[in-house]
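Could you slot chain B onto chain A? The hints should help.
Spelled out, the chains give:
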Amino acid sequence: MNEFIERNVRLSWHAAKRSYEVVIVGGGGHGLATAYYLATRHGITDVAVLERKYIGAGNTGRNTTVIRANYGIPEAVRFYQRSLDLYASLEEETGRGITHRQKGLLWLAHSETGIRAERARAELNTAFGAGTEYVGPDEIKKICPQLDMAGGGVWPILGASYHPGGATARHDRVVWTYAEGAMQRGVHIHQRTAVTGLIMDGDRVTGVETAAGPISAGAVVSAVGGHVTALASMAGLRLPIRTHPLQAFVTNRYGLGFDPIVSSSNLLFYASQTAKGEMLLGAEIDRQPSYSYRSGHHFLQSCGHRAMTLLPFLRNLRVLRQWTGVCDMSPDYSPVMGKTGVGGFYITTGWGTWGFKAIPVGGEQMAELIATGETPDLIAPFSLDRFARDRTMADRGSAGTH
Amino acid sequence: MSFHIPCPNCGARAIEEFVYGEIVVVPDSITDPDERNLDRAFIHGNPEGPTSERWFHAMGCQRWLTLRRDTRDEQIILTAR
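As they're listed, the protein sequences go chains A and B. Going by our numbering, the first sequence opens with residue 69, and the numbers climb by one from there. Going by our numbering, the second sequence opens with residue -10, and the numbers climb by one from there.
So that you can see chain A by itself, here it is in the shape it has in the complex (with noise of 0.2 Å):
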């Protein structure tokens, strides 16, 4: 964060606190939304958010920013349409522009099977809220000219599934907002404070070890991103997680607008354009786990392309720069959180290629979590012993990609 940033949004550090009543290790998205949250909603405020690096500085500022809701299972559906209305009505409710932008959201089939792909996704969508409607090339054309309806003679576009609710968000304003609103009713920020390990009392989790010395907690919230295995084991916990690097890419700007956001199963890629005009892109997960977040040429050749494949307009223009985030992929591309069997200690992770959308929903269900002590209704499908249970939320391919 630098220092124009420091005068425009009203933080205020303190030094640390020896104890608090929840400390939430991770200051990316979902743990200050989570601070936010227990501030707000439920008057919790002796809380702390530790940080190891600078707020957002993992893959809250490395996503691609989309915001939607049409899923392929009915409880993720539920649980993302929710993030898309509190994304909707956090501009209000926090008088902080977060630029966000509804832009509907078309998912590209390019076979039979696509088709009934998509039809069903706009059923099970409609059924359960998130207003989902299969289009035909006629409306495609009309919702996105820009789109080579022959997919270059090889990927022809059959059909679609339109998602009106489809929007975008600058997402260090998500972070700057949420981590302004907790802030501003008491809640403690700790940057560059890393935790070096977990206090336990008998099989309860009591604080935190940090470089600048030990802080007990009644709850400690795990909201890392990337590193989370690690901590988790501290506290004896096993995950079911492995973490992926995921590449993305933006062009230079691109003059003649380009509305919606463009996804397609097939190809493996997405597109939506930027405030600044810049055709942003992203792909798949690399398939090898690693924590390097080294990016490389060959993505940019493969999404490359296939994105000109359907807009062949990208052909003329010119890669601005990428980047790579790591995601926590968990085994049916859903994500873990809740209780963990370990008293005192929240997880709130596995958070894939999927997190930045359920950043307000995360934040909101995980403080209501902390503050009532009952897992709520909407998260209660995605805890971690769901795995045990042979409960998996498989949604492998409404999830795989952004």
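I should point out that these hints are in silico values taken from the structure, not numbers from a laboratory. Honestly, I wouldn't trust all of these hints.
[Said to hold, decoys possible] Only some residues are given here: those of chain B computed to face chain A with a beta carbon under 10 Å:
(1) P(-5)
(2) E5
(3) I19
(4) L27
(5) A30
(6) F31
(7) I32
(8) E37
(9) S41
(10) W44
(11) W53
(12) R58
(13) D59
(14) E63
Only a predicted model underlies this, so the values are computations on that prediction, with no experimental measurement involved. Think of the CB as a built atom: it goes at the ideal place given N, C-alpha and C, for glycine as much as any other residue.
Leaving out everything else, chain B in the frame of chain A:
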């Protein structure tokens, strides 16, 4: 991330030619058979540092190789057939 894997049969080739294969290790400390099955199916060590894994050279010699790789910086430490 893109990097090269020194295939014992073909020499250094881009990672995109290979298919990743995990080596599943269930710790000996887990003794209950149900717990072991659960661990084998879902749980990952997710190591941050040097780790052993299998790669299949799909676009090359069609053989499996064993690789030791550092997950922090993608450094390849050694390969074996």
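Here's how the hints hold up against the structure:
no.	hint	result
1	P(-5)	15 Å, violated
2	E5	6 Å, holds
3	I19	9 Å, holds
4	L27	6 Å, holds
5	A30	8 Å, holds
6	F31	4 Å, holds
7	I32	5 Å, holds
8	E37	5 Å, holds
9	S41	12 Å, violated
10	W44	8 Å, holds
11	W53	15 Å, violated
12	R58	8 Å, holds
13	D59	9 Å, holds
14	E63	5 Å, holds
Consistency with the previously given hints fails for numbers 1, 9 and 11, ordered from lowest to highest.
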